[in-house]
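Trainee: Chain A is fixed; fit chain B onto it per the hints.
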Amino acid sequence: DTAVSQTPKYLVTQMGNDKSIKCEQNLGHDTMYWYKQDSKKFLKIMFSYNNKELIINETVPNRFSPKSPDKAHLNLHINSLELGDSAVYFCASSQDRAGGGQPQHFGDGTRLSIL
Amino acid sequence: GENVEQHPSTLSVQEGDSAVIKCTYSDSASNYFPWYKQELGKRPQLIIDIRSNVGEKKDQRIAVTLNKTAKHFSLHITETQPEDSAVYFCAAADRGSTLGRLYFGRGTQLTVWP
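If you read the sequences in order, they're chains A and B.
Quick note, in our numbering, the first sequence goes up one by one and the last residue is 115.
Quick note, in our numbering, the second sequence goes up one by one and the last residue is 114.
Isolated chain A, as found in the complex (with noise of 0.2 Å):
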């Protein structure tokens, strides 16, 4: 039973295309994230949402919509895609919102590639 999924875990598509990926945990727990690994592998936090709300939004182009429903689902929307949006995408969860002293369970990654 994968505690963070994530789908889909391959995206290739063309500049300018408006693409989603969707993530789910099954761990009950209250805070989510989105982290972006690029090429040299650096894992860079993007947003963070505690229990549906947004409680960390880095500078992230506004072309990169989060969107969670409920506490288990965050979601990215990424519109006009850009050769440089090309990496890696983690989601990730954590029990709660309770400083950064907890561990944080990642998925699978969606890798992203822009032709």
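Rather than coming from a laboratory, the hints here were simulated on the basis of the structure.
Some hints could be false.
As the list claims (entries may be wrong) - DSS-like cross-link-like pairs, simulated, lysine-lysine; straight-line CA separation at most 30 Å: (1) K68(B) to K9(A); (2) K22(B) to K71(A); (3) K42(B) to K44(A); (4) K9(A) to K40(A); (5) K41(A) to K68(B).
Claimed, not checked - Just some of the chain A residues that point at chain B, by a computed CB distance under 8 Å: (6) F42; (7) L43; (8) S48; (9) K52; (10) I56; (11) F90; (12) Q102.
Remember, predicted model here, so these are calculated numbers, not experimental data.
Don't be surprised by glycine CBs; every beta carbon is placed ideally from N, CA and C.
Mentor: For chain B alone, kept in the frame of chain A given last:
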């Protein structure tokens, strides 16, 4: 905000040798330090973590040490095996913060040669 620096960026060792990865942090409020292992094409997974009320924690072949005064912490892997080859990330967080944010180092690519 917090700044976590990780060294070295790449590390090659012979099977059976020890490997040490070091991280420094800037925010004295940080008090939680996890380490994640990411195998090629896989997700980052927590392998060990330490809180600032202890100086060392061990789990079989891996150990983490923390020096709060100097603001650095290290991952030690003994008797390395080829399956230890992966990218390792250190991170730091302030447990008193309500943001739930981890600050990651840039990663260390560890290669263990048979």
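Trainee: Hints first: check each against the structure and report whether it holds.
Mentor: Against the structure, the hints:
1. K68(B) to K9(A): violated (40 Å)
2. K22(B) to K71(A): violated (35 Å)
3. K42(B) to K44(A): holds (17 Å)
4. K9(A) to K40(A): holds (20 Å)
5. K41(A) to K68(B): Given pair K41(A), K68(B) holds - Cα atoms ~27 Å apart, limit 30 Å.
6. F42: At about 5 Å, which falls below the 8 Å cut-off, the nearest Cβ of chain B leaves the hint on F42(A) intact, so it holds.
7. L43: holds (5 Å)
8. S48: holds (6 Å)
9. K52: The hint is violated - K52(A) has no Cβ within 8 Å of chain B, the shortest such distance being about 14 Å.
10. I56: OK, holds: I56(A) within 8 Å of chain B, min 6 Å.
11. F90: holds (6 Å)
12. Q102: Holds, because the Cβ-Cβ distance from Q102(A) to chain B comes to roughly 7 Å (cut-off 8 Å).
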